[in-house]
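Undergrad: Protein chains in written order, with my numbering: chain E, 1 to 285; chain P, 1 to 520.
One thing to keep in mind: the hints can contain errors.
Said to hold, decoys possible - Stretches of chain P that chain E covers, calculated by requiring three or more beta carbons in the stretch to come under 8 Å of a beta carbon on chain E:
no., region
1, 101 to 109
2, 204 to 213
3, 233 to 244
Claimed, not checked - With a straight-line Cα cutoff of 16 Å, these simulated EDC-like cross-link-like pairs (lysine to aspartate or glutamate) come out:
no., chain 1, residue 1, chain 2, residue 2
4, E, K109, P, E33
5, P, K48, P, E20
6, P, K145, P, D114
7, P, K74, E, D57
Unchecked claim - With beta-carbon atoms standing in for the labels, derived distance ranges:
no., chain 1, residue 1, chain 2, residue 2, range
8, P, A201, E, F244, 38 to 44 Å
9, E, M41, P, D481, 33 to 39 Å
10, E, A192, P, E162, 29 to 35 Å
11, P, K79, E, G85, 55 to 61 Å
12, P, R166, E, V51, 43 to 49 Å
13, E, R107, P, D481, 29 to 35 Å
14, P, G163, E, W125, 36 to 42 Å
15, P, A378, E, F116, 22 to 28 Å
16, E, R107, P, G163, 38 to 44 Å
17, P, T453, E, F195, 33 to 39 Å
18, P, E162, E, F30, 49 to 55 Å
19, E, F88, P, A149, 48 to 54 Å
20, P, D209, E, P34, 50 to 56 Å
Calculated directly from the structure, the hints in this document are not laboratory data.
Quick caveat: nothing in here was measured; it's all calculated off a predicted structure.
For every residue, glycine included, the Cβ atom is placed at its ideal position computed from N, Cα and C.
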Amino acid sequence: MAVSAKKIAAEPVLEEKKSCGLKGVFRRSFLGIPYALFLAMFVIFPLLLIVFYAFTDKNGAFTFGNFIAFFSSGTNISNLLISVGIAFITTAVCLLIAYPVAYILSRFKSARTYIFVLLFVAPMWINFVLRAYALREILNLLGLLGKTNFLNVIIGMVYDFLPFMILPLYTTLIKMDKSLEEASADLGGNGAVTFFKVTLPLSVPGIISGAMMVFLPCMSCYVITDTFGNSKIPLIGKLIETMFGTASDWNMGSAIALIMLVIMFVTMLCTGGFKNETTARGNAL
Amino acid sequence: MEEKIAGGAEENLAGGAREENIIELVDLTRIFEDGVAAVDKVNLKVKKGQFVTFLGPSGCGKTTTLRMIAGFDKPTSGKILLNGKDISALPPHKRPVNTVFQRYALFPHLNVYDNVAFGLKLKRQKVTYERTDGRRFSKIEKLGKAEIAEKVNRALKIVDLEGFERRSVSTLSGGQQQRVAIARAIVNEPQILLLDEPLGALDLKMRKDMQLELKEMHKKLGITFIYVTHDQEEALTMSDTIVVMKDGEIQQEGTPLDIYNEPANAFVADFIGESNIFSGTMTGKRRVRFLNKTFDCVDDFEKNEKVDVVVRPEDVVFAEEGQGMVDGKIVSSIFKGVHYEMVCMIGKTEVVAQDTIERKVGEKVGIVIRPEDIHIMAKEFTVNRYEGYITKHITVAFGDGEFACDVTQLYENSTLDEEGYLVTASGEKIDLTDTDVEVEVGLKDIELVDVDTPEQEGGAAGNIVSIIYKGDHYQVIVRTDENEEDYVCDTEYTWNENDRVSVIIRPEAIKLKRKEEGKR
């Protein structure tokens, strides 16, 4: 008679952990060293350089002169205001377009929604300058180029920064617990009430995140004013470029850059952009 | 001067039929986009003020039914009557029902007070005024601030959360959030409160406390509760009426006592509480044979009918060996707190029993079962029946598969010639291709093997969707993918739900019968 073996039970054999040679020497935090080096070289060091230049004159002597010169010039102040104004208008227009788009995309039940999201995000993958010139040609065809400089700059900015607004909004809306909207309807809220009392307040983190991603780069963007505004709309970013370029006044340029940095910092602080929990990053794709 | 004389809800759908059914489901059906019928022709009447529980495993359609009553899901067909009026077309915000959601769905941007007051702030009521000259007029008004505050405070008091008004909901524990969700629903004084597995996220102790509190609340408020759960104990504890559902259909509807003591079928018996389910045969008037012994019982069925016999573990009483109705041997004993759960082998059949007195493993015992504790129900499946046709390879296609068979049984005394034609007794040659047939396969004639077993290819393949233990064997249902055909089989082997299996049937076990219509 053949003897057959039957499997009764299987026990996993635990291998003893081999002690690592580096144990005691290597710490996980060491993995951060390359990043810290990178940060020091490309962020902190340049920043210190800017601060140094901003507070010194051409001979390297300490001075507040650059700042005094900036704020005593009416043109500079108006440039600053125009920059903030354009950034503000662009952000508002982006929000008005992006919110309905993100809302509709997030409500699609189809499994192919990502194709539509892709359609709105794909332009981000094309070279920025190339895109700008393509739009410029379209505006040229429409006969707008050179005539409506201010409008053209806004169109260019909105076209360029729209995806940065859509993504965080879409992410926030898609993550939102749908039962909250059902709860609102259940408690007697019609479509409008549900939207304004539940959906909109809950998507505020996405709105802030998107606004930051549009507002801040808008302030310093000068390529678009060059391409669309016939260089007629003076932005602060353009001013910095001129100072470092043709005017070769690095001290003044650094001072303006520092002023802008402070403005951005204050904006972030006001909107709570530093709080981790409220930043919904555009990580849908 | 104007004097407020009466206030009432603007939408007063109540009225008319008082003591009657508050809600009635008529042929309610919901078919999802993928073609699955989540709820299939459900008919149900709920009396005003009752505590009704929909009970069933996940995917049985209980939550979909609740969502249709709330208005979040539109029925594919059928009607939902509220106080006799069809509300199936009404959007959720116009229905006088409120829901306590599974994961609470509290508004994270509002504090406890504003969460609870959400519904009240949206409420409009018709207020009638009387002018000094005696004329009356009415206005639609919002609720006053004071009135809202009073109602919110009352609701928070009911759920024991006084003093929490200003707290953010995210700082509350699971149990407290649950209470806020309940307060938010009851503060609107709905005609029906819908609860979708509201206690599922709480720990055991808290759940037990909340069960009793909810039952108390139901008594105090006097409104109708419709409760959804998969927890049979919860259902038995709280409900006036339990509706057991499976595959979108109602299996049984009744009081907890009825459902427990007189389950309508083996599924209900298996789902509600622990039970021994045996295959038995009626041997005479109120006599049933199972465990190789004939027992007296109280249910009457046709003689020789195959039946399922259900005996609850606590109804199995041990006696000394030889003094019971049938003898067996204890093979396992587990202490469960109040009682011991013991398994007794009688022949090849396991009987589970519960008793406070332990019988040691290996001990020989006698078993006594009182006639009224033997619950008999019609067997759901006695034979598998399919419609099929003969293929050109002289096999039979049915139930999403193809099986070798003996076609000569279609005509008496016929034989098969070499070319594959059937030769009848009178010498006539018949081409059987595409002949429609009725197929019968016994439950014991189906063999299941793992799909990946080499050299054993079955005629059909599917997933195991249900397993019910019947004392000495399992009744397994295999469902095919394409047309969802079921193969019900009795097997001694242990399978798991969702196992993928091949179905093997011996050719001689397939019973064929010609269909009257003849050729296709």
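Undergrad: Kindly indicate which numbered hints from before are broken by the structure, ordering the numbers from low to high.
TA: 2, 3, 7, 8, 9, 14, 15, 17 and 19
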